[in-house]
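As you go down the protein sequences, you meet chains A and B in turn. 38 is the number of the first residue of the first sequence in my numbering; add one for each residue after it. 38 is the number of the first residue of the second sequence in my numbering; add one for each residue after it.
The hints are simulated quantities; they were obtained by calculation from the structure and are not laboratory data. Honestly, I wouldn't trust all of these hints.
What the hints assert, rightly or not - Quick list of in silico lysine-lysine cross-link-like pairs, DSBU-like style, CA-CA up to 35 Å:
#1 B:LYS361 - A:LYS361
#2 A:LYS340 - B:LYS558
#3 A:LYS361 - B:LYS600
Claimed, not checked - Heads up, incomplete: computed chain A residues facing chain B, CB under 7 Å, no partners named:
#4 ALA160
#5 THR164
#6 MET245
#7 PRO625
#8 ARG626
#9 ASP627
#10 VAL630
#11 ALA632
#12 ARG636
#13 ALA638
#14 PRO646
#15 PRO649
Stated by the list, open to error - Over 10 Å on every C-beta distance to chain A, these chain B residues come out as not near it, computed from the model:
#16 SER126
#17 PRO262
#18 LEU528
Just so you know, even glycine gets a beta-carbon here, dropped at the ideal spot from N, CA and C.
Protein chains: 2
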Amino acid sequence: MRRTLLALALLAAPAGAEEGMWMPSQIPSLAPRLRALGFRGDPAAFADLTGDPMGAIVSLGGCSASFVSPEGLVATNHHCVLSALQQSSTPERNLLEDGYLARTRTEEIWTGPLSRVYVTVSATDVTERISGKLSPRLSDLARQETIERRQKERLAACEKGGLRCRVASFFDGMLWLEIAQLEIRDVRLVYAPPAAVGNFGGETDNWMWPRHSGDFALLRAWVRPDGKPGPHARENVPYRPARWLHVSPEGASPGDFVLVAGYPGKTERLLTYAEVKAELEWAYPRTIRRYRDQLSILERIAKEDPERSIRVSTRIRGLANTMKNREGVLAGVARMAYLERKLAEEGALAAWIEAEPARRAAYGGALPGLDALQAKVARTRERDASFQALHAYQSLLASARTIVRLAEEREKRDIDRDLEYQERNWIRIREAQERLQRSVDLGADRALLKYAVLEAAALPAGQRIDPLDRLAGLAPGMPAGEAARKVDAWLDGVYAGTRLDDRTYRLSLLELRARNLSREKDPLLEVARALAPMDERLRAEEKARAGARSRLAPPYARAAIEKAGGLVSPDANSTLRVTFGTVEGLSPRDGLVYAPQTRLAGILGKHRPGDPEFAVPADVLAAIRAEEARRDGRLRDPALGDVPVNFLSTLDITGGNSGSAVLDGRGRLCGLAFDGLYESVVADFAFVEEARTIAVDSRYLLWTLSEVAKAHHLLEEMGIEPSRAAR
Amino acid sequence: MRRTLLALALLAAPAGAEEGMWMPSQIPSLAPRLRALGFRGDPAAFADLTGDPMGAIVSLGGCSASFVSPEGLVATNHHCVLSALQQSSTPERNLLEDGYLARTRTEEIWTGPLSRVYVTVSATDVTERISGKLSPRLSDLARQETIERRQKERLAACEKGGLRCRVASFFDGMLWLEIAQLEIRDVRLVYAPPAAVGNFGGETDNWMWPRHSGDFALLRAWVRPDGKPGPHARENVPYRPARWLHVSPEGASPGDFVLVAGYPGKTERLLTYAEVKAELEWAYPRTIRRYRDQLSILERIAKEDPERSIRVSTRIRGLANTMKNREGVLAGVARMAYLERKLAEEGALAAWIEAEPARRAAYGGALPGLDALQAKVARTRERDASFQALHAYQSLLASARTIVRLAEEREKRDIDRDLEYQERNWIRIREAQERLQRSVDLGADRALLKYAVLEAAALPAGQRIDPLDRLAGLAPGMPAGEAARKVDAWLDGVYAGTRLDDRTYRLSLLELRARNLSREKDPLLEVARALAPMDERLRAEEKARAGARSRLAPPYARAAIEKAGGLVSPDANSTLRVTFGTVEGLSPRDGLVYAPQTRLAGILGKHRPGDPEFAVPADVLAAIRAEEARRDGRLRDPALGDVPVNFLSTLDITGGNSGSAVLDGRGRLCGLAFDGLYESVVADFAFVEEARTIAVDSRYLLWTLSEVAKAHHLLEEMGIEPSRAAR
């Protein structure tokens with residue numbers, strides 16, 4: 038009842054500023070604001086996920102993208118296809134470095150088993166079915182298990198028709214949506230520029246302005262001859278989407294209305310002060326410190342030889358990117374005195390709740406409860422984080438844990454399995470282990486595991502990882518030198534004996550039943566087995582916490598929204614969202630102005646031969662010089678007198694939005710969002726007026742396809758007459 | 038004849054862009070351009086050096102300044118009074134750090150024996166007297182000696198009336214002016230802000246934009262009771278200048294006309310390609326490398342204790358400043374491909390000369406001659422530079438050389454002495470040795486001399502400094518380790534024995550006749566004596582080169598000017614110049630814009646407590662916050678909604694212009710120039726459209742005096758009603 042009332046309130050009030058990663062269903066009520074900013078279409082259309090333009094918006098799982106032709110051509114960012122490029126690269130043919138253009142459909146390169154194109158087809162409110170009628174007598178653990186069981190039941194029902202489904206929580210469990218997606222599994226690379234274009238400026242320019250990145254790439258979705266998704270196969274045909282976007286040869290200019298539809302990953306604007314404080318004062322500095330260390334470990338390895346460099350490059354870029362983001366967030370937090378502000382806001386909310394008995398009754402227990410929960414979490418966070426760090430993403434010990442757990446979970450009925458290990462996920466577990474092969478480097482794996490173990494070795498007496506102590510012969514208070522020697526000796530044995538880096542062996546283990554797997558004595562499997570009981574205990578603790586949060590967080594969110602008295606967008610959760618604003622520069626500091634656009638001439642200005650970040654390839658250089666000599670191209674911005682490269686806008690995006698189509702006031706694709714500004718990454722916690730999105734102008738994409746890649750067949754496919762593209 | 042013709046041509050053509058550090062006598066012919074830009078006064082007035090406004094413009098010797106009250110108040114930069122502040126600082130009373138305000142005239146602090154205010158009173162063309170009728174049969178050495186003797190004769194005549202004179206060469210000896218100046222020797226500190234205001238942003242912001250420096254200070258010129266200049270004395274009275282500038286409470290705003298009159302030190306726009314190439318490819322990188330090394334030596338020393346830190350701070354700042362400038366020049370040279378451009382221009386000039394027999398006859402030999410001269414210089418430049426480096430500025434070995442040479446030169450008739458050692462300079466030689474005491478640090482002196490000696494130790498066999506080899510026991514090709522040990526052993530002896538760091542002893546040596554001095558066995562004097570014969574030989578070689586240049590450079594300059602066919606400003610030579618332009622921002626790179634002004638709010642934005650470069654003092658912070666809360670001050674820029682701090686303009690200045698009054702279209706002081714942009718320091722070689730001057734807005738000066746220093750007596754003296762200054 039209360040929820041319905043709030044949902045109504047949520048739709049009634051006017052929008053402020055440009056904040057908001059809106060659910061598509063919220064857009065119709067924002068119509069006046071959209072129109073005022075210059076949108077010429079029908080805002081109501083956004084609620085229809087299969088209509089125009091939302092039907093053209095897709096997810097790649099981690100990145101966003103969109104259909105740009107009736108034959109399944111997909112536009113996204115160059116940095117969203119890095120793994121795909123890495124996947125198909127060899128020391129002789131480096132697609133990362135050189136880029137790629139398929140001149141025919143048969144030349145399109147399958148981007149590997151993990152690549153997906155997800156097309157959202159529906160989103161249904163299932164709040165009552167997930168969190169309704171939960172007995173208050175349930176323990177927190179039982180409560181969470183009930184919620185998860187209900188989710189699994191929903192998923193099973195939803196996926197009967199062959200779709201991929203997800204039950205997603207909004208406003209911290211206040212609202213649950215069941216989202217159904219078409220899952221296209223044969224994704225092929227059509228075009229990627231060389232890294233010197235797609236990642237021009239490298240780490241130096243990452244999160245920065247002025248920017249001159251050609252951060253675009255084209256994929257194609259392929260399906261079975263019957264039009265249904267299926268695994269990669271020779272006989273597959275291009276997918277024919279019901280909706281696709283027209284790529285605009287007019288791009289976006291200062292003051293223009295722009296809109297992004299995509300899949301933002303995570304924001305934390307609705308957390309409590311204590312939760313945010315722990316994030317910013319404990320977790321963020323910890324991540325920065327660890328990633329800096331890990332980067333130096335991997336960079337040393339990358340220097341050794343080119344093959345290893347390809348294997349570790351994606352991880353290096355990922356660590357560096359996250360580290361810079363975290364640093365930017367902390368700088369922003371300090372600059373805006375965010376924690377003080379958040380504390381004051383929370384104080385005001387508490388006072389507002391206290392002010393009326395009805396509110397006190399409905400929301401009074403939420404904040405104290407969440408604070409107590411956070412205090413409890415803090416007590417073991419060093420140990421918990423160290424334990425998880427042992428199983429780092431793409432590490433062989435993580436593989437071992439997956440193998441051991443999968444065998445164990447297989448023994449259960451599907452409905453009793455953990456969500457992650459349900460049968461519906463087996464294929465992607467297998468595919469992830471296949472894909473892992475590209476980045477397996479035994480030396481890097483050992484070095485990073487050693488780093489994590491030494492971290493655990495330094496834990497205080499009350500927070501030890503006991504099984505690890507036993508395995509490596511560690512004890513609290515052991516001098517660092519002694520610990521390092523013990524860990525080295527232990528890992529020497531483990532890595533001399535393990536065969537998990539062998540693709541065939543590793544994949545074969547995924548097929549074994551528990552009994553058969555228990556006969557395998559691979560040292561990394563033994564480590565995973567030794568850690569398993571503790572792993573299970575920590576999972577149960579985590580579930581109990583989630584159960585507690587599912588009691589406490591929804592009323593806290595309700596109170597915050599009710600107090601705000603209006604339309605609020607939920608924190609990002611990797612579901613389809615819409616944000617809108619205008620093309621606009623920024624004065625990041627007194628006396629300094631970021632112009633809203635950059636242009637080809639700026640690429641020449643940054644060109645530094647021999648510099649891996651700023652050397653412009655010869656053909657691009659020649660094309661730009663020819664363009665500058667011409668002074669009359671059709672893709673030029675009249676006010677700029679040049680072809681625009683990147684532009685800034687007031688859109689509210691975050692990680693996951695990468696590759697998102699930027700739509701103009703007429704719904705055409707006028708750009709691809711690919712980054713935020715260092716100065717405003719703090720917006721993940723608190724929206725700031727300075728928030729800006731960096732996008733590639735569609736004119737730079739078209740210019741590159743026309744003048745550098747000479748990809749006239751693709752221009753034609755996108756409905757652009759090639760001869761008129763640039764001139 | 039030809040010269041007169043050229044001088045006429047020089048006045049006829051219109052000015053291009055804003056390039057030009059014009060001689061005041063050239064300004065009347067630039068009247069149309071001045072008026073077009075917004076100057077409302079009479080351009081002809083600039084030719085009158087004692088009239089308005091030029092009579093108010095003064096030199097401090099190395100910096101520029103101006104009278105801003107009828108009682109001798111002088112406005113200049115904070116960084117121009119650093120030595121004065123250092124001079125009067127002690128570990129207990131750090132004027133550098135804390136600033137100073139004299140609340141009464143008696144509180145004004147004498148800034149020491151070397152401080153001067155020079156007021157230019159006349160500039161007379163003496164070209165014919167200096168370089169006319171020189172026999173072509175003279176050797177280059179004899180030619181130069183004749184030119185120098187003629188200069189000394191002119192100086193002797195000019196200085197009879199008590200003025201200080203200089204015979205200065207323009208256009209590389211094509212024109213000679215005799216410049217007479219009033220030399221005021223009692224200069225006192227009236228007001229300096231704390232370093233945290235005057236040098237806000239420190240080395241990080243130096244040469245940079247956006248800038249928020251309060252780089253201003255006030256001095257006062259004092260004279261004898263009869264109004265004539267004299268040494269510092271109790272009975273002195275404030276000087277009453279005939280002209281002074283009105284400090285404008287309206288500052289300068291975007292688009293406004295601005296003009297700087299001051300004393301730019303040195304530009305090298307009219308050198309030959311070969312000369313410029315040697316500067317940029319040899320001398321500049323060498324300076325950068327050496328200064329970086331020396332900085333790390335001095336910074337280590339500065340860390341040791343605060344007293345030593347004060348002693349070496351000015352030198353550290355000077356080295357860092359020059360190093361950054363050189364780096365900026367080289368970056369600019371690379372960016373604009375300056376050397377290629379210069380080569381092409383010189384080729385065009387050579388072709389133009391060749392194209393007509395009359396030109397060939399007049400100018401044909403100049404460029405080949407200069408090239409041959411440059412080639413000869415290059416042969417021994419490593420040795421020559423290393424030799425000079427032994428006698429670094431403010432080093433004790435330089436003192437020893439001065440002492441030895443002074444005794445030697447004293448024996449001659451004054452007219453036969455080297456210019457530098459003529460009797461007219463004895464007092465400043467003595468004063469320099471007095472002042473040196475403030476920065477004498479035996480450890481630093483030894484470390485820097487060791488650095489220079491080790492440099493000399495590495496010279497190739499053909500270019501050795503033989504007397505040094507004998508002194509330190511060095512030989513060509515000696516391993517670096519062995520050389521270092523020998524040099525250490527030698528310097529241990531020298532520095533254990535020297536007393537030159539003793540002020541009294543050092544000054545007493547300046548009074549000794551050669552015979553008596555020869556009995557002094559101070560080890561540094563012995564070193565100077567051992568080096569003296571080579572020193573003399575190198576001086577003679579240098580004179581011969583100057584003689585050759587005096588033959589070759591004037592026709593080269595004439596050819597260049599004639600080809601340019603118009604009004605050309607001579608390279609800067611520390612004489613009074615005028616440059617004009619407008620207040621204007623800059624786009625230094627595609628996508629980035631430097632706004633033309635900064636403001637108080639930006640100081641808050643940069644404030645970082647505890648950071649020595651960016652911590653804003655508490656009283657300034659409070660005053661800014663009060664100002665921001667008020668929102669109605671009289672010193673605010675209406676468009677900016679705040680008090681402006683610094684502004685950019687298209688003025689063409691260089692080192693030496695620091696402290697220059699920036700005049701508005703009505704001739705009022707609207708700012709003080711204090712820096713150039715890193716992006717455009719290359720303008721010392723080639724004027725670029727991007728050249729910008731950074732100045733303090735007069736409103737920030739007045740605001741600081743009113744709201745922070747509460748110096749109402751000074752505002753009154755400048756004709757600003759204190760109560761109306763800020764509100």
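Verification of the supplied hints:
no. : hint                : in the structure
1   : B:LYS361 - A:LYS361 : holds, 27 Å
2   : A:LYS340 - B:LYS558 : violated, 59 Å
3   : A:LYS361 - B:LYS600 : violated, 55 Å
4   : ALA160              : violated, 38 Å
5   : THR164              : violated, 45 Å
6   : MET245              : violated, 10 Å
7   : PRO625              : violated, 10 Å
8   : ARG626              : holds, 6 Å
9   : ASP627              : holds, 3 Å
10  : VAL630              : holds, 4 Å
11  : ALA632              : holds, 5 Å
12  : ARG636              : holds, 6 Å
13  : ALA638              : holds, 6 Å
14  : PRO646              : violated, 11 Å
15  : PRO649              : violated, 18 Å
16  : SER126              : holds, 31 Å
17  : PRO262              : holds, 48 Å
18  : LEU528              : holds, 40 Å
Hints 2, 3, 4, 5, 6, 7, 14, 15 from the list above are not met by this structure, while the remaining hints are.
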